[in-house]
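2 protein chains.
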Amino acid sequence: MLPIALDAVGGDRAPDEVIAGARAAVELGVPVMLVGPEHVVSETGLPFVVATEIIGMGDDGAQGVRRKKDSSLVRAAEAVRDGKASAMVSAGNTGATMASALLRMGRIRGVSRPAIAAPLPVPGETPTVLLDAGANAECQPEWLVQFAQMGTVFSRQRFGVVKPRVGLLSIGEEASKGSSFVKEVHHLLEGAPGVHFIGNVEGHDVATDAADVVVTDGFSGNVVLKTLEGGLEVILGVIRAGLASTPETRSAAEVLAPVLEPLFDYMEPETTGGAILLGVEGVCIIAHGRSSARAVTNAISLAKEMVSGDIVGGLRAAIAAPA
Amino acid sequence: MLPIALDAVGGDRAPDEVIAGARAAVELGVPVMLVGPEHVVSETGLPFVVATEIIGMGDDGAQGVRRKKDSSLVRAAEAVRDGKASAMVSAGNTGATMASALLRMGRIRGVSRPAIAAPLPVPGETPTVLLDAGANAECQPEWLVQFAQMGTVFSRQRFGVVKPRVGLLSIGEEASKGSSFVKEVHHLLEGAPGVHFIGNVEGHDVATDAADVVVTDGFSGNVVLKTLEGGLEVILGVIRAGLASTPETRSAAEVLAPVLEPLFDYMEPETTGGAILLGVEGVCIIAHGRSSARAVTNAISLAKEMVSGDIVGGLRAAIAAPA
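Chains A and B, in that order, give the protein sequences. For the first sequence, numbering that gives the first Met the number 0 assigns the number 322 to the last residue and increments by one with no breaks. For the second sequence, numbering that gives the first Met the number 0 assigns the number 322 to the last residue and increments by one with no breaks.
Note that these hints are calculated values from the structure, not bench results. Among these hints, one or two may not hold up.
The list treats identical chains as one, so a pair stands whether inside a single copy or across any two.
[Stated by the list, open to error] Derived DSSO-like pairs: lysine-lysine, alpha-carbon spacing no greater than 30 Å straight-line:
1) Lys68 - Lys176
2) Lys162 - Lys83
3) Lys83 - Lys68
4) Lys182 - Lys162
5) Lys176 - Lys162
6) Lys68 - Lys162
7) Lys83 - Lys176
8) Lys68 - Lys182
9) Lys182 - Lys83
Turn these sequences into a full structure, and let the hints guide you.
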């Protein structure tokens, strides 16, 4: 297997946590190639590609890619395009990661717009795949049919769901509810090839087993992802503070650790390995900006799994299937 | 004070829990008038108005109001319009509650569209007022300026925030991020009279103290509200199950009850008293569909508080202020 190109300077905790995550992945047997400035990557003992520029978290994505041709993100995407890496992984600027992948790897033939697929935790069940989680702030109705097809392929490969149930995010279960955009998408999804459409779902369904894949435009999807993440973070923070408030509660918390810790862990965004950009000609994993070493290792493992299962081939076949 | 007109047959747990909630409110000194079918309301010992029809949870809102002129919702709204009640409260069909209020009470002069304002819990802080939480699935940019003005009045009266900070929901903090709709709203909010605009906020900000009021279109707002509610419900359910799983964890949970219960309680949607429809010529409280007696009592108390503080007068003044 070709190495996975890892943006060594992407993310709030780069480069230290990113490099530590890379080392752990290598120990697990996954080949990794660091991409970044020479002084960061050359003395790690890991394979590397030098890139002199960095696209920062605050930079505009597309502009950053056009202006910084020797940036770690652009070089990582080029490594995939040129057959020197099997996938790219970054915890850096999401917009620039997408733009690098799109502009350097290109779109899968027939795909109107790539979309970010984000797994949302569902306690006790496989995660719900939400897309588009933020690649396209404004969408055409037809794009969501492709999001449904691509999300179906991803849910099947990533979580082993044989016939993923696809729901359309709306503000009422009935086909008549929602914006005119959503009503049109609903109509298009009925009978869309390769899609097991189960109708509209609502915000309270995304963290449950109501659907395996939830499609929406990139604005609403990003809002859902961040609302859920923010809400969970707030409540887990308050619970942790409550557990630590007195000697008595700390003792009680020790008893509860075996039942609560797996839950807290499951709710950590970093456990999932991150989101994936579906629709480009290569595997591109978008890890959380706050990724720790463990999150980076998980993202690399996810990349490996997507490459091994040939997700890109599966997406090509799904999009090329006769309508 | 005129009685508060309570829809006796609205909500999943009506009429029993609704009537029990009414009794508790009366005991607290708030006058209540039940509205519903004679066999439901006549033997409660509480004042009542008979309405022979019921608009069900699955009925279309506006259609229900047009067709069922003797429904509890229409009669409750008419009681407010006719000066026989000071406010209306329902845990029933949200669309029909809005339509009844809008069609019978009318809009405040100058208001383009009424909006639902929903308080989102923020542990340790005053709730964030989110609007529009679902009245308008599609919005014009100018409407959101009025939502900001109305949300400001509500945040001030309900939570005592002297100068509420208003954020615009988007998918990035920068003014350049988001859909073209959001960019236009951002521009309009800069310098809008009566609005202390602090810029864009994101999904992870709604459950925090980042803003006092968050404005958005009714589609995104409804998605945020239900995502947060659903996510919290799922995680609290799992935590409760974990606490109850063994004799040891149950003992530990007892120690933790004093620190965890207030939190669980605070996160219950029913604690807030419900949402309010802002922009109509009267107080209209939309309680949660699953409201228990306690939730109904809280909704009635909220109605009373809004009437006492003359929220409608405050909204009139804010909307009429020179631009």
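These are the hints, each one checked on the structure:
1. Lys68 - Lys176: Close across copies (23 Å), not inside one copy (46 Å); limit 30 Å.
2. Lys162 - Lys83: neither (34 Å within a copy, 57 Å between copies)
3. Lys83 - Lys68: within (18 Å within a copy, 71 Å between copies)
4. Lys182 - Lys162: within (24 Å within a copy, 39 Å between copies)
5. Lys176 - Lys162: within (26 Å within a copy, 36 Å between copies)
6. Lys68 - Lys162: Classified as neither: same-chain Cα gap 41 Å, cross-chain 46 Å, threshold 30 Å.
7. Lys83 - Lys176: neither (48 Å within a copy, 34 Å between copies)
8. Lys68 - Lys182: between (42 Å within a copy, 29 Å between copies)
9. Lys182 - Lys83: neither (44 Å within a copy, 40 Å between copies)
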